[in-house]
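Visitor: If you read the protein sequences in the order shown, they are chains A and B.
Letter by letter, the first sequence follows residues 1 to 134 in the numbering used here.
Letter by letter, the second sequence follows residues 1001 to 1103 in the numbering used here.
Take these hints with a grain of salt, some might be off.
Said to hold, decoys possible - Straight-line distance between alpha carbons at most 25 Å, and here's what the computed SDA-like set of lysine to any residue pairs gives:
#1 B:Lys1027 - B:Trp1017
#2 A:Lys50 - B:Gly1029
#3 A:Lys44 - B:Val1019
#4 A:Lys124 - A:Leu21
#5 B:Lys1090 - A:Val13
#6 A:Lys24 - A:Ser52
#7 A:Lys124 - A:Ile16
#8 A:Lys23 - A:Ser120
#9 A:Lys24 - B:Lys1090
#10 B:Lys1054 - A:Leu94
#11 B:Lys1027 - B:Val1076
#12 B:Lys1027 - A:Ala66
#13 A:Lys23 - B:Ala1077
#14 A:Lys22 - B:His1023
#15 A:Lys44 - A:Ala114
#16 B:Lys1027 - A:Leu51
#17 A:Lys124 - A:Ala32
#18 B:Lys1090 - A:Thr18
#19 B:Lys1056 - B:Phe1008
#20 A:Lys44 - B:Lys1020
#21 A:Lys50 - B:Leu1088
#22 A:Lys22 - A:Gly8
#23 B:Lys1090 - A:Val102
#24 B:Lys1054 - A:Val102
#25 A:Lys50 - A:Ala32
#26 B:Lys1020 - A:Ser123
#27 A:Lys44 - A:Ser123
#28 B:Lys1056 - A:His72
#29 B:Lys1090 - A:Ile16
#30 B:Lys1027 - B:Ala1077
#31 A:Lys34 - A:Thr45
#32 A:Lys50 - B:Tyr1018
#33 A:Lys24 - A:Leu51
#34 B:Lys1090 - B:Asp1021
#35 A:Lys124 - A:Glu25
#36 A:Lys124 - A:Leu110
#37 A:Lys19 - B:Leu1087
#38 B:Lys1020 - B:Met1001
#39 B:Lys1090 - A:Thr45
#40 A:Lys22 - A:Val12
Source of the hints: derived by calculation from the structure; they are not laboratory data.
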Amino acid sequence: MACFIVPGTEAVVTTIVTKVLKKKEQEQAKEALKEGVALDEVKKTPFSHKLSWLNTMLWGGSALLAFEHVWHGEVMPWFPFLTAINNGEVMEMLSEMSTVGVSMAVLITLVWGAMVAVSSALSKRPVKGIETEK
Amino acid sequence: MTLLIAVFAAVISTVIWYVKDSHNQMKVGTLALMFWGASLMWLCDAVFEFAELKEKFFHPAAAEVFNDFFLGISVVAVALVIWLVLLLIKDPRGVVRQALTKK
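Start from the sequences and build out the full structure, keeping to the hints where you can.
Guide: So this is what it looks like as structure tokens:
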């Protein structure tokens, strides 16, 4: 009915957070370079970059699901845009959003959390083939 | 069927990203993440549908399978168009800019 709206809304929020965080990180990196912090330390994968993975999954998934809803006639190009509202099935729609929609958003966020955890673990490990000085 | 096609598209684009575009210059990684996002969402949808339909979930009507197959192919086409537009806007190799500013 309209389950894609939940991950779509999360995408809007995470995109705004990413923009704000990116600006902050750039300022912090500039400050750190001025203070003489090593470039390798500054160049570590910023959190805003990791957050952009979540944005892409949420925006991409929501867009493709929105297309599926158009295909099934659940979304229309005129007000109120959702067939469920037009047919008086608002409660069913809200119920679906709170179950399927929320589950979608939670699952994607969990998968992204796992990706971030793996990325953090890998960045702490020394790269194979590069000998560390004793 | 739509979920299956999305998963195959996600796997193929991830392999292409890994082999040919690990620096995401051609934005294949972005395309892969889009497909993975959609696949996870449809997986959720499938789980809820299975809980509702039980055994009938695995025995859809032929017309339904055909419609879902057609939808899956269309979804891949839409994703590819989104990726292409993104690639042309970002223009990582400067090809579009060069073509537009050529005298």
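Visitor: The structure should be examined with respect to each hint, and the outcome stated for every one.
Guide: Now for the hints, and whether the structure bears them out:
1. Distance check on the hinted pair: Lys1027 of chain B and Trp1017 of chain B sit about 8 Å apart at the alpha-carbon level, within 25 Å; holds.
2. For the proposed pair Lys50 of chain A and Gly1029 of chain B, the alpha carbon gap of about 13 Å is at most 25 Å, so the pair holds.
3. Between the alpha carbons of Lys44 of chain A and Val1019 of chain B the distance comes to roughly 23 Å, so the proposed pair stays at or under 25 Å and holds.
4. Of the supplied pair hints, the one linking Lys124 of chain A and Leu21 of chain A holds, its CA atoms being roughly 22 Å apart against a limit of 25 Å.
5. With a C-alpha separation of about 23 Å, the suggested pairing of Lys1090 of chain B with Val13 of chain A holds against the 25 Å cut-off.
6. Our distance criterion of 25 Å between C-alpha atoms is met by Lys24 of chain A and Ser52 of chain A, whose separation comes to about 15 Å.
7. At roughly 28 Å between alpha-carbon atoms, Lys124 of chain A and Ile16 of chain A are farther apart than 25 Å, so this suggested pair is violated.
8. At roughly 21 Å between alpha-carbon atoms, Lys23 of chain A and Ser120 of chain A fall within 25 Å of each other, so this suggested pair holds.
9. With a C-alpha separation of about 23 Å, the suggested pairing of Lys24 of chain A with Lys1090 of chain B holds against the 25 Å cut-off.
10. As the CA atoms of Lys1054 of chain B and Leu94 of chain A are separated by approximately 23 Å, the hinted pair is consistent with the 25 Å bound.
11. In summary, the hint linking Lys1027 of chain B to Val1076 of chain B is supported, as the alpha carbons are separated by about 16 Å, within the 25 Å threshold.
12. As the CA atoms of Lys1027 of chain B and Ala66 of chain A are separated by approximately 22 Å, the hinted pair is consistent with the 25 Å bound.
13. For the proposed pair Lys23 of chain A and Ala1077 of chain B, the alpha carbon gap of about 34 Å is over 25 Å, so the pair is violated.
14. At most 25 Å may separate the alpha-carbon atoms for a hinted pair to count; Lys22 of chain A and His1023 of chain B meet this at roughly 19 Å.
15. Between Lys44 of chain A and Ala114 of chain A the alpha-carbon distance is near 18 Å, which keeps this suggested pair within the 25 Å criterion.
16. Taking the CA atoms of Lys1027 of chain B and Leu51 of chain A, the gap is about 16 Å. The hint holds against a cut of 25 Å.
17. Only pairs whose Cα atoms come within 25 Å are accepted, and Lys124 of chain A paired with Ala32 of chain A is accepted, the gap being roughly 20 Å.
18. For the given pair, Lys1090 of chain B sits about 18 Å from Thr18 of chain A by alpha-carbon distance, which is consistent with the 25 Å threshold.
19. In summary, the hint linking Lys1056 of chain B to Phe1008 of chain B is supported, as the alpha carbons are separated by about 24 Å, within the 25 Å threshold.
20. Between Lys44 of chain A and Lys1020 of chain B, the direct Cα distance comes to roughly 23 Å. Compliance with the 25 Å bound is thereby established for this hinted pair.
21. For the hint linking Lys50 of chain A to Leu1088 of chain B, the alpha-carbon distance of about 23 Å falls within 25 Å, and the restraint holds.
22. With a CA separation close to 21 Å, the supplied pair Lys22 of chain A and Gly8 of chain A stays within the 25 Å bound.
23. Straight-line distance between C-alpha atoms of Lys1090 of chain B and Val102 of chain A comes to about 32 Å, which puts the hinted pair past the 25 Å bound.
24. With a C-alpha separation of about 22 Å, the suggested pair Lys1054 of chain B and Val102 of chain A falls inside the 25 Å cut-off, and the hint holds.
25. Annotation: proposed proximity of Lys50 of chain A to Ala32 of chain A holds, straight-line Cα distance about 20 Å (limit 25 Å).
26. At roughly 22 Å between alpha-carbon atoms, Lys1020 of chain B and Ser123 of chain A fall within 25 Å of each other, so this suggested pair holds.
27. At most 25 Å may separate the alpha-carbon atoms for a hinted pair to count; Lys44 of chain A and Ser123 of chain A meet this at roughly 8 Å.
28. Restraint check: the Cα-Cα separation between Lys1056 of chain B and His72 of chain A comes to about 20 Å, which is no more than 25 Å; the hinted pair holds.
29. The straight-line distance between the Cα atoms of Lys1090 of chain B and Ile16 of chain A is roughly 20 Å, inside the 25 Å bound, and the hint therefore holds.
30. Proposed proximity of Lys1027 of chain B and Ala1077 of chain B is supported: the alpha carbons are some 16 Å apart, at most 25 Å.
31. Distance hint between Lys34 of chain A and Thr45 of chain A is fulfilled; the C-alpha atoms sit about 19 Å from each other, no more than 25 Å.
32. With a C-alpha separation of about 18 Å, the suggested pairing of Lys50 of chain A with Tyr1018 of chain B holds against the 25 Å cut-off.
33. With a CA separation close to 14 Å, the supplied pair Lys24 of chain A and Leu51 of chain A stays within the 25 Å bound.
34. Distance hint between Lys1090 of chain B and Asp1021 of chain B is fulfilled; the C-alpha atoms sit about 15 Å from each other, no more than 25 Å.
35. With a CA separation close to 20 Å, the supplied pair Lys124 of chain A and Glu25 of chain A stays within the 25 Å bound.
36. Restraint check: the Cα-Cα separation between Lys124 of chain A and Leu110 of chain A comes to about 21 Å, which is no more than 25 Å; the hinted pair holds.
37. A distance of roughly 20 Å separates the Cα atoms of Lys19 of chain A and Leu1087 of chain B; the hinted pair therefore holds under the 25 Å criterion.
38. Of the supplied pair hints, the one linking Lys1020 of chain B and Met1001 of chain B is violated, its CA atoms being roughly 28 Å apart against a limit of 25 Å.
39. About 21 Å separates the Cα atoms of Lys1090 of chain B and Thr45 of chain A, which keeps this hinted pair within 25 Å; it holds.
40. Proximity of Lys22 of chain A to Val12 of chain A is assessed by CA-CA distance (about 15 Å); at most 25 Å being required, the pair is judged to hold.
Hints 7, 13, 23, 38 from the earlier list are contradicted by this structure; the remaining hints agree with it.
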